[in-house]
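So the sequences go chain by chain: V and L.
For the first sequence, the residue numbers in the working numbering are 1 to 162.
For the second sequence, the residue numbers in the working numbering are 1 to 396.
Just to be clear, a hint being listed does not mean it is correct.
What the hints assert, rightly or not - Simulated crosslink set (DSS-like; lysine-lysine; CA at most 30 Å straight-line):
#, chain 1, residue 1, chain 2, residue 2
1, L, Lys16, V, Lys67
2, V, Lys144, L, Lys317
3, V, Lys143, L, Lys101
4, V, Lys71, L, Lys102
Stated by the list, open to error - Partial list, derived from the structure: chain V residues whose beta carbon lies under 10 Å from chain L:
#, residue
5, Leu43
6, Pro54
7, Leu59
8, Cys62
9, Arg65
10, Leu66
11, Gln77
12, Thr100
13, Gly101
14, Lys104
15, Tyr113
16, Pro115
17, Asp117
18, Gln120
19, Thr121
20, Tyr157
Hints listed in this document are in silico derivations from the structure and should not be mistaken for laboratory results.
Backbone N, C-alpha and C define an ideal beta-carbon position, used for all residues, glycine too.
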Amino acid sequence: MSKVSPANKELIEDLNSEYIAALNDFNMDNWLACFSQQGQYILTSEENIRRRLPIAFMLDDCYARLKDRVKQVMEIQYDSSEHYQMRHFTQLISATELKTGEFKANYNFSVYYTPRDTNQTETLCVGRYEDTIVIESGAARFKKRIAIVDTNVLPRYVVYPV
Amino acid sequence: MSIENNSTSSIDWPAKTNHVPKEVFEKEGLWEQELENIFYGEEWHPIVHRAEIPNPGDYKAAQLGEINVFAVHGDDGEIRIFQNTCTHRGTSLVTDSSGNKKELECPYHRWLFNLEGDLVGCPGEREFSPDFDKKDYGLLSLRVEAFYGLYFATMSDKTPPLKEYFGESFYEPLQRLLGGDGRLNLIGYQKVVYDCNWKAYCDNDGYHGALLHKAFAMLNWQGGKGTQIVTKNGHLSFDSELTMPDHVDALEDGSILDFKGTETSNGSIVLMSFPITVYTKHMDMLNIRYSFPKGPKGVEVHYAYFSHQDDDDEMIKHRIRQSSNLLGPCGLISMEDASVFSRIDKGNKTQGDAIFQKGVEDEYAIPLKVGQTDETGNLARWERYRELMGFERRAK
């Protein structure tokens, strides 16, 4: 492992910003575009990780599952739940380059949500991202993004990826 | 316990059995009555499966009503359930939701209990009261019965034995849901707080019209033949065949919906034990939903998922992928349940009754024979609730 160059660090930060912008705007196509063709997304709890329990809240372990996640949000469950606005606040904790040319990045995150019916803002979850990132055609993409929530007990329901 | 003495709050109950007054979800003071008359009464509550605490010293914290309890796997292999309190000054003994301890030490005055609940050490004993005897200060244990590794607790000595309490129509499918022999492995949890009264959760979590689930139609997924059986004391069991489509066009990765099946499987089992717990086996997902009311508003539900000890690696992986993505607060076929809980909760803050219709033949009877998809399976539970709470039904 070695330190990430400023240029690559900027690419990693750009990717995280694109990811957050996609979710804030409910643009699931842009969310999907943040992943490489080998991409995986997992949303799980700190408790499951700590106890080495493999169940997750969302387990998209191949690109086909990522595409199905988009379909689930945009079509299958589009009118099944009340919409809520999300805001992500993230903080890069570490970024390293592996010998394979891939990158590891760790972020803290807090996500607030504001349902349209109450218009009150509450915490959806707080946690950390553990990312494996590749650089393809000059842009960083997630090979794997694991969102691990300290909020082991989530409020109500979670429609969108975190 | 006298129901009359505890009837601090009353509700004018409609004569028609398919009507439930909405104020039962909202009225102040009911929760305290429900604790005394139901949760601390003659009911069995599932607390833990052996697969969740498989090794000596493993423990799991839970609640029974508002009482904090924990289950612990003893050095002797027995699983016991104790109230979570030191018998000296009342300090909680375990603070994490789960873990492993060699012994249970209270940090306050260093009273020490073994995993079987005996007080084995207490510094300064010579200065204690003249009659002090460690034997009198073991942990407060609950009455426990196990069924294929699933441990139930009750607060009452009068609760009938477990099998009698549930009846065969409930415990036979529960055995199948527990893998046939109870030899399960825990594969993880999904935990969530639903935004509704616990009784609204009961009405809607176990089974409801498939109309809510757009995914069923998009996936070309039809339910097969099946039965719904109700017991007089309010337990419910649904046992259905599943007819899965050959190919799922709506998804890129249809393998998530594969039904690999086992010899104990009949496709879909949904059980609900009075007062609040749902157990499901949909396709290859084995799931117990431990549920804890947060007072009158909110229900914390812990979805625990299991694999079977005889599963090969491929089956375990399949169960993990299916369980993670189909059920729970984010699931493809159940996220909207959670959304509906919130809407029902808001709707219950209006006047009138919540009404069950599908399957009603006589609006003044409590049907025990119900069709597979009838709403009337809920009525025996409501009748038992009404009786336990001592609410008078209006004359016809």
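Status of the hints after comparison with the structure:
Distance check on the hinted pair: lysine 16 (chain L) and lysine 67 (chain V) sit about 49 Å apart at the alpha-carbon level, beyond 30 Å; violated. Between lysine 144 (chain V) and lysine 317 (chain L) the CA atoms are separated by roughly 18 Å; this keeps the pair inside 30 Å, and the hint holds. Annotation: proposed proximity of lysine 143 (chain V) to lysine 101 (chain L) is violated, straight-line Cα distance about 39 Å (limit 30 Å). Distance hint between lysine 71 (chain V) and lysine 102 (chain L) is unfulfilled; the C-alpha atoms sit about 49 Å from each other, more than 30 Å.
The restraint placing leucine 43 (chain V) at the interface with chain L holds, with a minimum CB-CB distance near 7 Å, inside the 10 Å limit. For proline 54 (chain V), the interface hint holds, since its Cβ comes within 10 Å of a Cβ in chain L; the closest pair sits about 5 Å apart. Because the beta carbon of leucine 59 (chain V) sits about 4 Å from the nearest beta carbon in chain L, less than 10 Å, this interface hint is met. Against a cut-off of 10 Å between C-beta atoms, the interface hint on cysteine 62 (chain V) holds, since the closest Cβ of chain L lies about 7 Å away.
Because the beta carbon of arginine 65 (chain V) sits about 5 Å from the nearest beta carbon in chain L, less than 10 Å, this interface hint is met. At a threshold of 10 Å, the smallest CB-CB gap from leucine 66 (chain V) to chain L is about 9 Å, leaving the interface hint in force. At about 6 Å, the closest approach between the beta carbon of glutamine 77 (chain V) and any beta carbon in chain L falls short of 10 Å, and the interface hint on this residue holds. For threonine 100 (chain V), the interface hint is violated, the least distance from its beta-carbon to any beta-carbon of chain L being 25 Å, above 10 Å.
Hint on glycine 101 (chain V) is violated. Least Cβ distance to chain L is approximately 28 Å, over the 10 Å limit. For the restraint placing lysine 104 (chain V) at the interface with chain L, the shortest Cβ-Cβ distance is roughly 24 Å, beyond the 10 Å limit, so the hint is violated. Here the hint on tyrosine 113 (chain V) is broken, as its CB sits about 13 Å from the closest CB of chain L, past 10 Å. Because the beta carbon of proline 115 (chain V) sits about 9 Å from the nearest beta carbon in chain L, less than 10 Å, this interface hint is met.
Restraint check, aspartate 117 (chain V) versus chain L: the minimum CB separation of about 8 Å is within 10 Å; hint holds. Contact between glutamine 120 (chain V) and chain L, as hinted, is not supported at the beta carbon level, the nearest pair being about 12 Å apart and thus beyond 10 Å. At about 15 Å, the closest approach between the beta carbon of threonine 121 (chain V) and any beta carbon in chain L exceeds 10 Å, and the interface hint on this residue is violated. Because the closest C-beta pair between tyrosine 157 (chain V) and chain L is about 3 Å apart, less than 10 Å, the hint holds.
Violated hints, listed in ascending order, are 1, 3, 4, 12, 13, 14, 15, 18 and 19; each of the other numbered hints is respected by the structure.
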